[in-house]
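Colleague: Residue-level listing of the chains:
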Amino acid sequence: MLVSLYRYNPETDNAPYMQDIELELPEGKDLMVLDVLNLLKERDPSVAYRRSCREGVCGSDGMNMNGKNGLACITPMSEVVKNGKLALRPLPGLPVIRDLVVDMNLFYQQYEKVQPYLINNTPEPAIERLQSPEDREKLDGLYECILCACCSTACPSFWWNPDKFIGPAGLLQAYRFLADSRDTAQDERLAELDDPFSVFRCRGIMNCVSVCPKGLNPTRAIGHIRDLLLQRAT
Amino acid sequence: MAVNSVTNLGRSGVYDWMVQRVSAYVLALYTIFLLGFMLTTDVDYEAWAGLFGQTWFRIFSLGTLIALGGHAWVGLWTVSTDYIKATLPRFLFQAACGTVMFVYIVWGIQILWGL
Numbered sequence: 001m002l003v004s005l006y007r008y009n010p011e012t013d014n015a016p017y018m019q020d021i022e023l024e025l026p027e028g029k030d031l032m033v034l035d036v037l038n039l040l041k042e043r044d045p046s047v048a049y050r051r052s053c054r055e056g057v058c059g060s061d062g063m064n065m066n067g068k069n070g071l072a073c074i075t076p077m078s079e080v081v082k083n084g085k086l087a088l089r090p091l092p093g094l095p096v097i098r099d100l101v102v103d104m105n106l107f108y109q110q111y112e113k114v115q116p117y118l119i120n121n122t123p124e125p126a127i128e129r130l131q132s133p134e135d136r137e138k139l140d141g142l143y144e145c146i147l148c149a150c151c152s153t154a155c156p157s158f159w160w161n162p163d164k165f166i167g168p169a170g171l172l173q174a175y176r177f178l179a180d181s182r183d184t185a186q187d188e189r190l191a192e193l194d195d196p197f198s199v200f201r202c203r204g205i206m207n208c209v210s211v212c213p214k215g216l217n218p219t220r221a222i223g224h225i226r227d228l229l230l231q232r233a234t
Numbered sequence: 001m002a003v004n005s006v007t008n009l010g011r012s013g014v015y016d017w018m019v020q021r022v023s024a025y026v027l028a029l030y031t032i033f034l035l036g037f038m039l040t041t042d043v044d045y046e047a048w049a050g051l052f053g054q055t056w057f058r059i060f061s062l063g064t065l066i067a068l069g070g071h072a073w074v075g076l077w078t079v080s081t082d083y084i085k086a087t088l089p090r091f092l093f094q095a096a097c098g099t100v101m102f103v104y105i106v107w108g109i110q111i112l113w114g115l
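These protein sequence lines are chains B and X, in that order. The opening residue of the first sequence carries number 1 in UniProt numbering; numbering runs sequentially from there. The opening residue of the second sequence carries number 1 in UniProt numbering; numbering runs sequentially from there.
In case anyone wonders, no lab produced these hints; they're calculated from the structure. Be a bit skeptical, because a hint or two may be false.
[Stated by the list, open to error] Calculated cross-link-like contacts (lysine-lysine; reagent style DSSO-like; alpha-carbon spacing at most 30 Å):
| no. | chain 1 | residue 1 | chain 2 | residue 2 |
| --- | --- | --- | --- | --- |
| 1 | B | K164 | X | K85 |
| 2 | B | K164 | B | K41 |
| 3 | X | K85 | B | K113 |
| 4 | X | K85 | B | K68 |
Take the sequences, apply the hints, and build the full model.
Modeller: Encoded structure:
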């Protein structure tokens, strides 16, 4: 089969280019895209990509496979290959460091903005802050995010304003803490989000939902944030 | 830090969002009313002038014009901040949009009340 691989080494290349590589895949096996990348790297050790856990937990190998973002380690070839061809590109919208490796700074800066940690100014209890099972349930579908950046880099609003729009991943985490019964900073958190860019650049096209490798729904979380902002303002 | 902007309509994201949603309802209502009027009435000069001669319809029309101005401002402001990255062209585009909307509203008042 044919793998078309995005190559860019800033030290030797003036511009990025697509390298076409013919590859024989072992018969009777449905490899993951990451396995194919590993095969390519065996042939050409200069191919650069991030990977770590190889089972969809660490979120390192987010990339664009035949036009759709996803994790290479849990994407079977049978799912993405079209007409015997696989095009591998880095996550769109972030600066490329080399080949499939992108600079995630903008992404992390937006994540940092939502203060992704519990804020509670009441005196600490002796053992732990308790939460009812019902309150705990509200965090389901929010806490599972692995920050692979597949969603934010599939979002045109994030492409146009990566410095101002928090993006689906950051907003999912923003809501994860807004919805937490143990957090006492809801009003401060909402005040930080009430501007025309941070939340409201979301146009609800749901690219984030369609690419999330963990099956999460950032668009719904953004809707909840908007409801909270409306309640606060009206 | 929340993102600051001095050129958007209401300084606040919720405000702009609300303006766009509410103005959309006004625009839809006006459009549906006019369509209904044209379908149910034999529209000639008399009927048209009669409709626009009534104060309630002038107020409805002016409200719609203001809604259009607000709606277009929020929408075009968003488009300009998405696609025009250099400050000066973006500011000029926004200024042109603002001027056009202001002219439409003042001109609209003139037309509606036959001033």
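Colleague: Does K85 of chain X pair with K68 of chain B here, judged by a C-alpha cut-off of 30 Å?
Modeller: holds, 27 Å
Colleague: Against the 30 Å threshold, does the CA-CA distance of K164 of chain B and K41 of chain B hold or violate the hint?
Modeller: This hinted pair is violated, its Cα atoms lying about 37 Å apart.
Colleague: Below or equal to 30 Å on CA atoms is what counts here, so check K164 of chain B against K85 of chain X.
Modeller: Roughly 13 Å between the alpha carbons, so the hint for K164 of chain B and K85 of chain X holds.
Colleague: For a C-alpha distance cap of 30 Å, please report whether K85 of chain X and K113 of chain B respect it.
Modeller: Holds: K85 of chain X and K113 of chain B sit about 22 Å apart, inside 30 Å.
Consistency note: the structure conflicts with earlier hint 2 alone.
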